[in-house]
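Asks: Spelled out from the first residue to the last, the chains are:
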Amino acid sequence: MSEALLEIEDLKTYFPIKSGLLGRTTGQVKAVDGISLTIREGETFGLVGESGSGKSTVGKSIVRLAAKTAGTIRFMGEDLHALHGERLRQLRPKLQLIFQDPYSSLNPRVRVGDAIGEPLLDHGLASKADVREKALQALESCGLSAYQADRLPHEFSGGQRQRIGIARALALDPKLIIADEPVSALDVSIQAQIINLFRRLQQERGLSYLFISHDLSVVEHLCDRIGVMYLGSMMETGPREELFRSPLHPYTKALLSAVPIPIPKLKRERIVLKGDIPDPSNPPSGCKFHTRCPFAVERCVHEAPELRSAGGGRQVACHLA
Amino acid sequence: MSVANGRLAVQPGAGRSKRSSIWGDAARRLIRNKLAVSGFLVVALMFAACFLGPLFSPYADNKINMAQMNRPPSASHWLGTDALGRDVLTRVLQAGRISLTVGLASMGLSVALGALLGIVAGYYRGIVDQLIMRLADLLLTIPSLPLLFIAGALLSEWKVPPDSRMYIVMIMLAVVGWPGLARMVRGQILSLREREFMQATTVLGLRGRRRLLGHLLPNLVPLLIVIATLNIGGAILSESVLSFFGLGVTPPTPTWGNMIDAANNMIDFEKRPWLWIPPGFSIFATVIAINLFGDALRDVLDPKQRR
Chain A
-2 MSEALLEIED LKTYFPIKSG LLGRTTGQVK AVDGISLTIR EGETFGLVGE SGSGKSTVGK
58 SIVRLAAKTA GTIRFMGEDL HALHGERLRQ LRPKLQLIFQ DPYSSLNPRV RVGDAIGEPL
118 LDHGLASKAD VREKALQALE SCGLSAYQAD RLPHEFSGGQ RQRIGIARAL ALDPKLIIAD
178 EPVSALDVSI QAQIINLFRR LQQERGLSYL FISHDLSVVE HLCDRIGVMY LGSMMETGPR
238 EELFRSPLHP YTKALLSAVP IPIPKLKRER IVLKGDIPDP SNPPSGCKFH TRCPFAVERC
298 VHEAPELRSA GGGRQVACHL A
Chain B
51 MSVANGRLAV QPGAGRSKRS SIWGDAARRL IRNKLAVSGF LVVALMFAAC FLGPLFSPYA
111 DNKINMAQMN RPPSASHWLG TDALGRDVLT RVLQAGRISL TVGLASMGLS VALGALLGIV
171 AGYYRGIVDQ LIMRLADLLL TIPSLPLLFI AGALLSEWKV PPDSRMYIVM IMLAVVGWPG
231 LARMVRGQIL SLREREFMQA TTVLGLRGRR RLLGHLLPNL VPLLIVIATL NIGGAILSES
291 VLSFFGLGVT PPTPTWGNMI DAANNMIDFE KRPWLWIPPG FSIFATVIAI NLFGDALRDV
351 LDPKQRR
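Residue numbers (the working numbering), protein chains in the order written: chain A, -2 to 318; chain B, 51 to 357.
None of these hints come from the bench; they were simulated from the model.
These numbers come from a predicted model, not from an experiment.
Hints are supplied without guarantee of correctness; some may be wrong.
If you want a taste of the chain A side facing chain B, the calculated C-beta under 8 Å gives, among others [stated by the list, open to error]:
#  : residue
1  : Val60
2  : Arg86
3  : Arg89
4  : Gln93
5  : Phe96
6  : Leu103
7  : Asn104
8  : Arg106
9  : Glu115
10 : Asp119
11 : His120
12 : Ala123
13 : Glu295
14 : Val298
15 : His299
Yeah, the Cβ is synthetic: ideal placement off N, Cα and C, and Gly gets one too.
Start from the sequences and build out the full structure, keeping to the hints where you can.
Replies: Next up, the structure:
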C-alpha cells in the first residue's frame, strides 16, 4: 500500500472536431482536461461523475485506446504513451480493462475458453498443453464452471458474460484493472455478485483497481479513495470515509444528496442540479461548474479554482470550500 | 484436487455433447425456411441438369441437321429444334454450363478482389484507404452497362476468338463488380474494429495476426457468403444481357443470352416460342432461386442480428 503503481499527471485528452470537405479541425472536445491521480499497489481508486464527465476517457487513455493530448501516464515506472510495438504489447497483461457492456466485449464467434486462453498463448504465459487448464482455472475463480468453456458468448447471461470478461483479464495476472462501469449494464442483484467478486479477487491477489462508475453506492462499497470528475476536470479527491461524511465541493454534495437511501421517512436536504452538463467543446469560463452551482459567486465566473490540498489527504477545486 | 480432476474429466464430455456452433445453428434455421430450401433445390437441379444432362443427350455434339430445322417440340426433340436443326433442350443445358460458370467465376473474382481491397482499405485506413475507395468511387460513377458494352464492342473490333471471350467476359464482370463489394466490406471492417471486442483484443495485447485472422475476418465471413451468393444472380444476368446484345460470349458457344438473341425476330417470337422461352425461363428461374436463397442466408447469417 505504499508504492505508486499508476501515476497520471495533468492528463489531457482532446478529440478534434472535424468539419468541411477537407476535414479541417474546427474545435476540440476536451473530454479530459488536466487530470492527475495516483493509484498505489493494492488500492482501489473510484472515479465518479455523471455521463459526459470524461471518466471513461481517462480509462481509455490509460490503456491507449484513446491518444492523449498532453500530460504523462506512468505505469510501473514506464511512460505508457512513449512505448510502442512489442514493448507496449509485453506490458499489456499487467494493465487490463473491463468493459462496460458485457454483450459487446466478447467476440460472438469465439468460445469463451478460447477467448480466455489465446491472450495467454500470445504472451507466453501458457503453453499449448496447459492453456486449457489455466483458462478453466480463471473461469472457476470467477464463479463459472469448467464445462461452460466450450460455449459461445450468446449462451450466457449478462452477469455471466461480465464474469467471463473479468476472467479473461484476470488470467493474465494483471497488477491494475481498470473497470469501466463494469456493473452499470447489470441487474442490481447481479451487480452485488460482481462487486463482491471484485473484492474477493483483490483480497486474494492484491490487485489494484481504477473503478469508474456513476453509481456512488457501488463506489462507496468498493473504493479506498475517490475522485469526483466534472466536465473533464477533477473537482475533489479524498479517502472514501471523509468524502462521504463531509463532502467539500458543491458538486460532490449534489451527487451525494442524489443517492437514494432506503429510509423513506428520512427528510434531508436535496441539492438538485438544473440543466445538463455543458458542452465539453466549449466549457464555461472560470470554474466549469459555476453554471450549475447553487453557491456560485462572481469570482467563480472569472477565475478557475486550482485543485488544492484540504488536509487529510483531500483535495478540492473550489473557491468556497 | 483429485475431486476437482474427476469433475474436469467428466464434465467436458457432457458439455461437448450439446456444444453448439454458429454454423450448425445457422444451417438449422436455414433448413426451416421453405423458400430457401426450394431456392437451393432449384439451383442444385439447374447445376445438375446443365453439367450432367448433355452427357445423356444424343444431340450433344452440336451437329447441324438441315432436315430438322425449326421443328416444334416432339418426342425426339423435347423442346424442338432451332434454325440450324440443333436440339434446343441440349443447347439450353450446354448454354447453362457457360452461363453458370461465367456467373460463378466472375462472382469469385469480384468477391476476391472486392474483399481483398475492402479489407486492406478498412484495416490500414489512411492514404491506402483513400486511394482504393476513390478508385472504387470512380468506377461506381460510370454506369456499368455502357462500360461493359464498350468493352464488348472493343472485343468484337479486335476479333477476339469466341473461346477466349468467355474468360474475358468473366474478368470484365469482375472489374465492374468489385467496387460496390469493396465498399461493403470496408464498411463492415470499420464498424467491426470499433466494436468493444476488437478494442479488447488491443488491451489484451494479442498479436496483430491473431487479431486480424482470429477476430476480425471470421466476423466478416457471413457477410461475404451472403454477398457472394446474391452476386452470382447478378453476374448471370449481366452475362445474359451482354450476350443478348452480341457483346458477351458469342456464337457458336451457346449461352442463355445469345440463344434469346438468336430468336430475336418477329417470326421466331410469334411462331417459334420454343426457341426463346426455355433459355428465358432458365435465366429467370436460376436468378430468382439464387436470390431467394441469398435472402434467406442473409436473414440467418447477418452479423447484425446476433450479439
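Asks: Taking the numbered hints from earlier one at a time, note which ones the structure violates and give those numbers from smallest to largest.
Replies: Violated hints: 12, 13, 14, 15; rest satisfied.
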